[in-house]
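Numbered by this note's numbering, the letters in the sequence shown go through residues 7 to 304 in order.
Don't take every hint at face value.
What the hints assert, rightly or not - DSS-like, lysine-lysine: derived pairs with alpha carbons at most 25 Å apart:
| no. | residue 1 | residue 2 |
| --- | --- | --- |
| 1 | Lys124 | Lys57 |
| 2 | Lys173 | Lys263 |
| 3 | Lys263 | Lys300 |
| 4 | Lys60 | Lys122 |
| 5 | Lys162 | Lys77 |
| 6 | Lys124 | Lys101 |
| 7 | Lys57 | Lys246 |
| 8 | Lys77 | Lys173 |
| 9 | Lys101 | Lys188 |
| 10 | Lys101 | Lys203 |
| 11 | Lys124 | Lys188 |
| 12 | Lys203 | Lys122 |
| 13 | Lys158 | Lys77 |
| 14 | Lys122 | Lys57 |
| 15 | Lys77 | Lys263 |
| 16 | Lys173 | Lys162 |
| 17 | Lys188 | Lys99 |
| 18 | Lys300 | Lys158 |
| 19 | Lys60 | Lys203 |
These aren't lab readings, by the way, just hints derived from the structure by calculation.
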Amino acid sequence: MTLRNFIYAVLFLSPVITLGQVKTDTAYIADYPQRVMLSGFLSQSSVQLGKDEKDYIPNNPLRVGVGISIKNTVINFSYSFGIAPLEQDGKGKTKSSDLQIHHYGRYFVLDLFYQKYKGFYNDAEGDEATLYPDMYVRNLGAEFAYIFKGDKFSAKAAFQQNEIQLKSVGSFILGGGAYFFKVNPGGVLWQTENSLKNVQFGINGGYAYSWVIDERWMVTGILTVDVNVGNDPHLLSDLKIEAYPTAFGRGGLIYHKNDWALAATFLVNNKLMYTEDDGELSFTGINFQLSFVKHIDF
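Turn these sequences into a full structure, and let the hints guide you.
Encoded structure:
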């Protein structure tokens, strides 16, 4: 996917998902009066594979970026680039494409993933890193969640800083997800060189809570869990179905003023697969971001 197509996807999805998001309890949620939001951020997006109590990690750089969005329009753009070398400290080189959309609406949250990583390492404490340049994973996935108290609980305040949560509030969540994984073992995850393919989907549930500490500070957490069903696509055609426990969590610490905000946010997306040697392979997507947001008018 090119940068142009990614931008088009964001612009196309934004007005569609926003439909119906008009009801807000103003005792719980306030809007910034400014029309334009500028942002700068430092982020780390990565994945982790785990098997037999060992973790395999890509050598992925920190990224720095900027963004702009204009209220009541489809303009919502961000751009980032790596600020650290891909090959350092004997950890090898990773080739990666990691494109994600996280849309926070009034009652709905949508997450789209296209993640492709080749080149991992394992550095057990006290040992020199072992490199696995042929280890490869690709994830194509989507998650959707409905926030029952979306008129009081603002995911936007926590993860986009374009609203202000005035009072502490919690809400139950109901949603679902679907994923396609392809994994090359890199000569270590299982005995053969056969790639693992896995399709899984399911319905999830969970809870979201925002704790408004005072008029400036807020802490937010969202957690959903479920048991997905799926298998290798060829085995699914024979109605051979496996069950996979999953978890998806995100949270943030936010400090805000009348026209700016600072935030530290994270996202952890854990999925499970079964390998041909009857072992368990975990996939964990990890995002962390430090953001500064400034609200202005022309």
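Going through the hints against the structure:
1. Lys124 to Lys57: 17 Å, holds
2. Lys173 to Lys263: This hinted pair holds, its Cα atoms lying about 16 Å apart.
3. Lys263 to Lys300: Distance of about 10 Å is within 25 Å: holds.
4. Lys60 to Lys122: Holds. Lys60 to Lys122 sits at ~20 Å (cutoff 25 Å).
5. Lys162 to Lys77: Cα-Cα ~13 Å, so holds.
6. Lys124 to Lys101: This hinted pair holds, its Cα atoms lying about 5 Å apart.
7. Lys57 to Lys246: Satisfied, since the Cα-Cα distance of roughly 23 Å is no more than 25 Å.
8. Lys77 to Lys173: 23 Å, holds
9. Lys101 to Lys188: 16 Å, holds
10. Lys101 to Lys203: It holds: about 20 Å lies between the C-alpha atoms, which stays within 25 Å.
11. Lys124 to Lys188: 11 Å, holds
12. Lys203 to Lys122: Cα-Cα ~14 Å, so holds.
13. Lys158 to Lys77: The given pair, whose Cα atoms are some 20 Å apart, holds under the 25 Å limit.
14. Lys122 to Lys57: Measuring from Cα to Cα gives roughly 19 Å; hence the hint holds.
15. Lys77 to Lys263: Given that 25 Å is the threshold and the Cα spacing comes to 18 Å, the pair holds.
16. Lys173 to Lys162: Roughly 14 Å separates the two Cα atoms, so the pair holds.
17. Lys188 to Lys99: 20 Å, holds
18. Lys300 to Lys158: 24 Å, holds
19. Lys60 to Lys203: Holds: Lys60 and Lys203 sit about 21 Å apart, inside 25 Å.
Every hint from the earlier list agrees with this structure, and none is contradicted.
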